[in-house]
Amino acid sequence: MTNKQKIKIAVDLVMTITLLLLMLFQITGQQVHEYLGIMMLCLFLEHNFLNRKWYRHLFKGKYKFYRLVQTILNICILITMLGLGYSGMVMAQYVPFSISESISLARRLHLACSYWSFVLMSVHIGMHLRQMMNIFKKYIHLKTNVLKIIKLMIVIICLYGIYCFIQNNMMSYMFLINEFVFFDFEKNTFIVLLEYLSMMELWVNIGYFITRMILKVRD
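Okay, so the sequence shown: first residue is 1 according to our numbering, each after it adds one.
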């Protein structure tokens with residue numbers, strides 16, 4: 001593994017943790033949430049810089065279905081991140097990068113972009129999971145029985161993720177059917193974390209199986 005690969009993995013890992021923490025607003029509170037948002041934007045810029053070759057090849061070569069799906073996904077993530085950055089600065093109370101614009105519009109934009117970015121980034125992770133697994137397989141060798149247990153646990157987590165996604169009305173926030181997020185501040189911190197971890201795992205696996213299906217059809 002090269003130093004560049006190690007840096008990429010480290011940045012992606014910290015980004016994933018930060019993404020999860022950003023969804024835990026009822027635990028972190030406004031101030032921590034704002035600084036995590038700044039951190040996420042910096043990590044996103046670093047991630048794009050490390051993968052700048054993708055931009056250079058954007059208008060080169062043939063666009064097969066898998067590449068088209070990846071490109072659309074990446075552009076959607078870029079749009080949601082720009083929306084989050086702008087709306088976050090409009091609503092900022094603690095960080096010094098505030099912008100004087102319509103709070104009402106910014107709040108709705110931030111709401112939709114937050115939940116879309118959570119889903120899209122999780123799918124993005126899943127679509128690259130195969131590559132990451134191939135890297136780690138060189139260093140970690142698991143027995144068949146252990147792999148079966150891990151797969152069973154993933155299925156259980158994903159089923160719980162589906163339940164949490166429906167129970168937390170995520171679709172209503174993504175499509176602005178409901179413009180106000182309900183936060184249960186009395187809910188146990190561990191439960192809130194477990195819910196978002198399960199939902200993230202669900203969309204990561206959806207991204208992973210989308211990739212497997214496309215590559216299987218292509219082959």
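It is worth saying that the hints were derived from the structure and are not from the lab.
Every residue gets a Cβ at the ideal spot worked out from N, C-alpha and C, and that includes glycine.
Among the hints, a few may not be true.
Computed spacing ranges between beta-carbons, pair by pair [to be verified]:
| no. | residue 1 | residue 2 | range |
| --- | --- | --- | --- |
| 1 | ASN188 | ILE17 | 28 to 34 angstroms |
| 2 | ILE9 | ARG108 | 33 to 39 angstroms |
| 3 | LEU147 | ILE79 | 33 to 39 angstroms |
| 4 | SER98 | VAL155 | 17 to 23 angstroms |
| 5 | LYS216 | ILE149 | 42 to 48 angstroms |
| 6 | ARG130 | ILE72 | 39 to 45 angstroms |
| 7 | ASN188 | VAL14 | 23 to 29 angstroms |
Listed next, the in silico EDC-like pairs over lysine to aspartate or glutamate satisfying Cα-Cα at most 16 angstroms (straight line) [what the hints assert, rightly or not]:
| no. | residue 1 | residue 2 |
| --- | --- | --- |
| 8 | LYS151 | GLU186 |
| 9 | LYS4 | GLU34 |
| 10 | LYS8 | GLU34 |
| 11 | LYS6 | GLU34 |
Range hint compliance [Cβ, LEU147 to ILE79, 33 to 39 angstroms]:
holds (37 angstroms)
Hint check: LYS151 vs GLU186, CA-CA at most 16 angstroms. Holds or violated?
Violated, because 33 angstroms separates the two Cα atoms, which is more than 16 angstroms.
Is it true that the CA of LYS8 sits at most 16 angstroms from the CA of GLU34?
Roughly 24 angstroms between the alpha carbons, so the hint for LYS8 and GLU34 is violated.
Could you tell me whether the CB distance from ILE9 to ARG108 stays inside 33 to 39 angstroms?
For ARG108 against ILE9, whose Cβ atoms are near 35 angstroms apart, the range 33 to 39 angstroms holds.
Within 42 to 48 angstroms: is that where the Cβ-Cβ distance between LYS216 and ILE149 falls?
Hint violated: Cβ distance 25 angstroms, outside 42 to 48 angstroms.
Can you let me know if the beta-carbon spacing of ASN188 and VAL14 is within 23 to 29 angstroms?
Given a distance of about 26 angstroms, which is inside 23 to 29 angstroms, the answer is holds.
Assess, step by step, whether the Cα of LYS4 is no farther than 16 angstroms from the Cα of GLU34, and give holds or violated.
The hint is violated at about 29 angstroms.
C-beta pair ARG130, ILE72: status relative to the range 39 to 45 angstroms that was hinted:
violated (19 angstroms)
For the pair supplied as a hint, LYS6 and GLU34, is the alpha-carbon distance within the 16 angstroms limit?
violated (28 angstroms)
Honestly, do ASN188 and ILE17 meet the 28 to 34 angstroms range at C-beta?
violated (20 angstroms)
At the C-beta level, are SER98 and VAL155 separated by a distance inside 17 to 23 angstroms?
At roughly 45 angstroms between Cβ atoms, VAL155 and SER98 fall outside 17 to 23 angstroms, so the hint is violated.
Going down the numbered hints, you'll see the structure goes against 1, 4, 5, 6, 8, 9, 10, 11, while the others check out.
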